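Please work from the sequences and hints to get the whole structure.
Taken in order, these protein sequences are the chains called A and B. Numbered according to our numbering, the first sequence spans residues 2 to 228. Numbered according to our numbering, the second sequence spans residues -17 to 233.
If you are wondering where the hints come from, they were derived from the structure by calculation, not from laboratory data. Treat the hints with caution; some may be incorrect.
Stated by the list, open to error - Here are the simulated BS3-like cross-link-like pairs (lysine-lysine), alpha carbons at most 25 Å apart as the crow flies:
1. A:LYS146 - B:LYS222
2. A:LYS6 - B:LYS222
3. A:LYS69 - A:LYS20
Predicted model, so just to flag it, every value in this text is computed and none were measured.
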Amino acid sequence: MEERKHTSLHYEMELQEIKNNLIYLGALTEKAIRMAMQSLTDRNTEMANNVIANDYEIDKMDKEIEEKCIKMLALRQPTAIDLRFITTAIKITGHLERIGDMAVNIAEKAVQLNQEPKLKPYIDLPNMSSIVEKMVAKSLDALIKSDLQIADEVREIEQVVDDLNEQIFRELLTFMMEDSKSIHRALLIMHVSKNLERIADHAQGIADMVTYMITGENVRHLSKEPN
Amino acid sequence: MDSHIIKLHKVNFYYGQTQALTDISMNFGQNRVTALIGPSGCGKSTLLRLLNRMNDLIDGTKVEGEILFEGRNIYAPNIDPVEIRRKVGMVFQKPNPFPKTIYNNISYGPKLTGVTVADMDSLVEQSLRQAVLWDEVKDILNKSAMNLSGGQQQRLCIARALAMKPDVLLMDEPTSALDPISTAKIEELIEELKKDYTIIIVTHNMQQAARISDETAFFYLGNLVEYNKTEKIFTNPDVKQTEDYITGRFG
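Structure below.
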């Protein structure tokens, strides 16, 4: 449904600005994941260092969005959908900032891995990474379009990522058992995989908040609740 | 026991040919604070005034439907409106103390209605204490009420209403003419009074409704659009119109 506009145009503009900032922050984090993974698969250490160096931009944007949200709470005293949007924005910006940190973790592992011979061709990792990037993009798409169905789709994909992570772990375990010289590299790759899996968790966190924003229902941690 | 002290069933109200309220059915919980909100002309003040028959004083008005107060239809022919107004007290937007002493402002009502009060002094003290005004005025009880500040005058009006030992207090924008500190005092007072009284308050200040009420009713063009727990209304209302109003997307 098309939202009616606020009587106060400034209020309307401030809300829109937060939304735009979130989109921009989302684009920065998506780029960070993509570059971090590419620095690993292309063995491009310079690119990895760029990801690490550019993280401050993500942190800066995160702080800026949070400050804007707090200001809105204090000055506009939002209610209903506006209140839910602003509390959602505060949580989403936190998720995105953490995703940025995880891209940095991946880039740091890439720097180390690039100094050693390749353990094996990267097949599952890029596959996992493209699914994870899609999850992040979709979760933000759900936010922008206020679309419950897209948020549901993000939650569904999350399981696929968990399974891929498990599979990568098992495979690397066999490498380590066969050749102890591979342990260091295998552990680094496990870290990469684990970080991708954590990014997927954050994307799900974003989707959960979008669901809350639209319905007012808190769906976080539902699967962990005792029956 | 039924915890609803006032019940409305299919209430319509007309000023002459103009219908001001349409088919209102709602119940007010005992010892609850209920806020009535909505844009000007939505019928919220009209509804408030229906609850103690204040609209009787306006010519050409007509009420349909049932308004039960403690189980009795207050518009039944055998009901004395003065008795209703004693049980359902009212505080208005602008503080309106009598041009009398502080003491006489409180004692006037009970004396006039022929209630025998064994100890008027203690009734005055008790009423002023309940309205959290006693400490400020105990040494100047024989001074004119007109010398008090706006906030004190409004608390005096509340004390005056309480002296009649009502069950329900109706408040029509009781803080709109007050500064923030006096407003905070009245709001704090409402929280206290809730223990002993049922309070129904009309307010244009939505944050005030959110702060002090248990339930909120949103009116628009004489209709009750949504009536729900205040927390629900302000975080996730069921009706789009309510949301548009409380988020400032109206008009």
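Each hint tested on the structure:
no.	hint	in the structure
1	A:LYS146 - B:LYS222	18 Å, holds
2	A:LYS6 - B:LYS222	13 Å, holds
3	A:LYS69 - A:LYS20	11 Å, holds
Every hint from the earlier list agrees with this structure, and none is contradicted.
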